[in-house]
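Q: The lines below spell out each chain.
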Amino acid sequence: MGSLIAGQLFAGLVSGAILVLLALGLALIFGHLRLVNFAHGSFYMLGAYVGYETIRRGGNFWVALVVVPVVLGLLGVVIERTLVKRLYGRTLQDLLLLTYGMSFVMIELVKITYGASGIPFDVPEALRGAQRIGDAVFPNYLLFTAVAAAATVGLIYLLLERTDTGLIIRAGSKDDVMVKALGIDFDRTRTLVFSVGVALAGFAGLLVAPRMGVSPDMGFAVMIFALVTVVVGGLGSFWGAVLGGLLIGTVQTLTAVLVPELSRLVVFVLMGVVVFLRPSGLMGTD
Amino acid sequence: MQTKLNVSVVVVIALSLVLVGCGPGAATPAEPASMPTQPSVAEPTQPPEATAPPSEPTAQSQPSGEPIRIGAITSTSGFVGAFGQEQIKGGQLAVEQINDSGGLLGRPVDMIERDDKVQPAEAAKQAEDLIANEHVDMLVGCVSGANTLAIHEVANRAGVIYLSTCQTGSLNTAEGGGPYTFHMAYTPWMNTHLYAQWMVENLGDNIFFLYYDFVVGHETREGLVDALEPLGIEIAAEAAVPLGTTEYTSIIPQIRAANPEVLHYFLSTDDRAAFLKQATSFGLQDEMKLMALAADLSWDQIAGFASSQGDYAPANFYWELRETLPSAKVFVDAFGEQYGTPPSGYAAYQYQAVMAYADAVREAGTVSADEVAAALEGLEFDYGSGPSFIRECDHQLFQPAYITLMRSEADAAAIERWPQYAFREVIAAVEATETVERSCADLGFAE
Amino acid sequence: MKPQRSEARAGLSITRYLGWLDRHPAVGISALLVVIPLVIPQKTVATEILIFGLLAASYNLLLGYTGLLSLGHSTVFGLGAYAAAILLAKTGVVSLWLALLVGGVVPGLAAVVIGWFSLRRRLLYFAMLTLAFNQMVYYAMQQARGLTGGEDGLRGVVIPPFELPGISFSIDSLQHPYAFYYVACGIVIVCLFFIQRVIHSPLGHALEAIRESEERAQMVGYHTNRLQLLAFVLASIVAGLAGALFAISHGFVALESLGLLVALVCIVMTVLGGKGTFVGPFVGAALYLMLQEYTSRVWANWQLLLGIVFILLVLFLPQGVWGTFKRWYNERGARGRRVTDRRAEAVAEEVVDA
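Chains as they are written, first to last, in this note's numbering: chain A, 41 to 326; chain B, 25 to 471; chain C, 537 to 890.
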């Protein structure tokens, strides 16, 4: 019984880890750009497809781990410079419509290129199999995902806390007027933050691909949960995204086991309660 | 504030409406999306005999006169878009074959396709439009259960023949069906009753049942319980998941803990692929046999070879049937010639529905709904799935089920034609007698 | 003297008439709606524009006039549809008026609850709360299979006849498309006049003030929260009526009517047309529906086109199609007025010289 719970808790944490990556990207983008990126799920999906394409062209999964964030990051730069830039200061519904439109475009282009259905994506050879501890089974790939996600979060933390750019980003989230008044070039950091956020989403997509497959619509459901996570954790907050993601992931996984019909609902009720009682989120300072 | 604007409002809007009213007509068939990038197909070696089309050779006269219109409503966009597109292909093939052999009652057959965008209200709207504005003689198609019920509501109100080609348990009941609606696909009840015995006899009787927590899922469970009862077996353990679940790492330990012989699961498309991958990573396939509720070429394409090892599943149609069933060979080869790929079950259902309709129209000698409905009742045919018939009381299709087993990639590569699609081999056939479905009386029909 | 004067008077009365029309846009729209079926041969398209136009118009009251971005407008639309459908299918009561009544009242009551909770917060948090409620209602309706049919949808809705003392005729949209359209049109027109009344009332002005700056409105003495709640409820009642009409037109209701897609489409139509304008939502609804319909008939990947349209719209026509047109016309009109003034001057000079 204990191992069953341990196994499920672990599973919940790993699925939470993916949410953390997504929520982190969203939180960064919102914190620094004041923009809710409703197309985040589509970048997640693109990451998986870019990974697929990398492997198809003779690369392997390890290569994809590097290629995907780089490609998505570049894409993020392009999109920020051309589209997103024009929307700063615009209303929420304008942002919603633009990013919604972007999603459609990305999804349909993928469908045209790769077909409307999902495509197979296998776990890399080296990561197949599982560790058995007593009765509990821990698939190697899940362990890898957990490690990769943790490493990435650590990297972002270092970026934010230990670099000058990170300092600007953090300051910008708190008070962008002041930062601009200090004469700091905001445009560059904005582009950077957007592209990092997008790269995180794509990386998350690649990480889930061997377990959940690759399909053009894989971004929708996860987008909603990522948004919920960010709201629960606190919109501009790093730790909010981390804690929120782990919380939501675990809650959802455990309810899926205990009371399956409620698993989707529980997350929304949780969000409703948090927003109602403490709208800035668990760790937010909005 | 200048006030002339409202006149211009009227002018501009009226103009645009007029333009739209004269806009694109209805009869343009939707372009099927191009197939996913696949490694190049090796030239298929010709089968020993030339394939003859099911109807008479080309010496027929050209069909002429007022066309018979078929309205095909299915989901060609959205996350099940690929399946809808398959249906369209199957339907188009049937229409082409009918027209090539002289048409129906000497008249050409026209198929008008509409996308229901996986929304029931949209499906209803398209049905209304096709009936009221395009004057179709019959409607066919669907991918989702909710959509087929929506189309049925409209067709029933209008008194138009509708052939539903997707799974639902709600159309062949006295309350849920109608005099002009025919269910040309299986019900969850029938599904379970067809393979339950084979599963118990060949795989084991300690069964864990994993299923979707929604209407069809529950109907399936009911059917399974009822099917297992005469064999003296109950479901040993079960778990229900919401639709769209892609995270099974918490369910899988549960399954392992129950230690069943057979894991019987009802999941579809992307969820199924995700489940199989995750099950593989936990080594589930080494500990028990896996049997799905159904199989389809499109689903196997999504999951791929690696994660589906050793997966058993029943199907009404799998293109491998061409090896053993002459009618399947005819259909598969014709489809292959037309589209370059083998047909999936979605294509087969639609193809068979249209061909069956054509048979009924020929028998009735008219497209009038009452006569065609009467002809469809009790109709027998075989258009690729083996001996099929439509039961009179509930307008339900009965056809054999075939137990399939997933091949390894190496074994599939050895297949001559279409190795990249040779996911499954057919290992058994189960005849469809009326007993696999509830009796007419049970469904509410007076008998 | 006389000829010039009557000429001027003729000019003035046209202007006055059009000015009246501008202040009562409901009349213009109503006239248009009456005319549509004679212009568009497909009644199904016309009916859809009617119903979704009303939905968008109700959403406009929330978004355009009060500035509240709700992600759950489909909740009230769907509740209205289900309420009417349950009445007509399950209770044996076959009355158009009662169906409309429950179709408006049930969502209205729900809106009081949802609005009260959601309006505790603003902007994105408000939106997320409405989303949370949307999911909860969806879940509830999904689970209540006996009542709503669950994923199968609620079938067997009996389409009530239009009944008034002395008149009774069927409005089954399949058998009598014109009948259904014009009855629905009548109901929509009533709703439009109601919305117009609200917008032109002190309440409407207060709402616009709140939209511009809630703080300022509070300082002027408005109970902003109460007013916003009122707007929320009124918008929900109208949306519910649209839902009831929807249920009657199709004869069934699906779970998707409560879903996120409808909620998003609502927003899209309103923004596409031009939020904050009266005509905008109808233009948006018409454009969106026709765009979707005609592209989906020829291309399976029609959503690509839709996405591009959204992007271009947000970038280049931020006021929406109608909003931009109106602005352009007004600016042009201002120029025109200057010309007219000059011409009037010239005429006056002639008169003086004569």
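Please note that a few of the clues may not be correct.
Here are a few chain A residues that face chain B, going by a calculated C-beta distance under 8 Å [what the hints assert, rightly or not]:
hint: 1; residue: G99
hint: 2; residue: N100
hint: 3; residue: P160
hint: 4; residue: V177
hint: 5; residue: P179
hint: 6; residue: D215
hint: 7; residue: G253
hint: 8; residue: S255
These aren't lab readings, by the way, just hints derived from the structure by calculation.
Just so it is clear, CB atoms sit at the ideal spot from N, CA and C, and this is done for glycine as well.
Q: State for each hint whether it applies.
A: Comparing the hints with the structure gives:
Given the 8 Å rule on beta carbons, the hint for A:G99 is violated: about 16 Å separates it from the nearest Cβ of chain B. The criterion of a C-beta within 8 Å of any C-beta in chain B is not met by A:N100, whose closest approach is roughly 15 Å, and the hint is violated. For A:P160, the suggested interface contact is upheld, since its CB lies about 2 Å from the closest CB of chain B, less than 8 Å. Taking 8 Å as the C-beta contact cut-off toward chain B, the hint placing A:V177 at the interface holds, the least distance being around 5 Å.
A least Cβ separation of about 4 Å between A:P179 and chain B falls short of the 8 Å threshold, and the interface hint therefore holds. Look at A:D215: its Cβ only gets to about 39 Å from chain B, farther than 8 Å, so that hint breaks. Interface restraint check: A:G253 against chain B, minimum CB-CB distance 4 Å, threshold 8 Å, status holds. With its C-beta approaching chain B no nearer than about 5 Å, A:S255 sits inside the 8 Å limit, and its interface hint holds.
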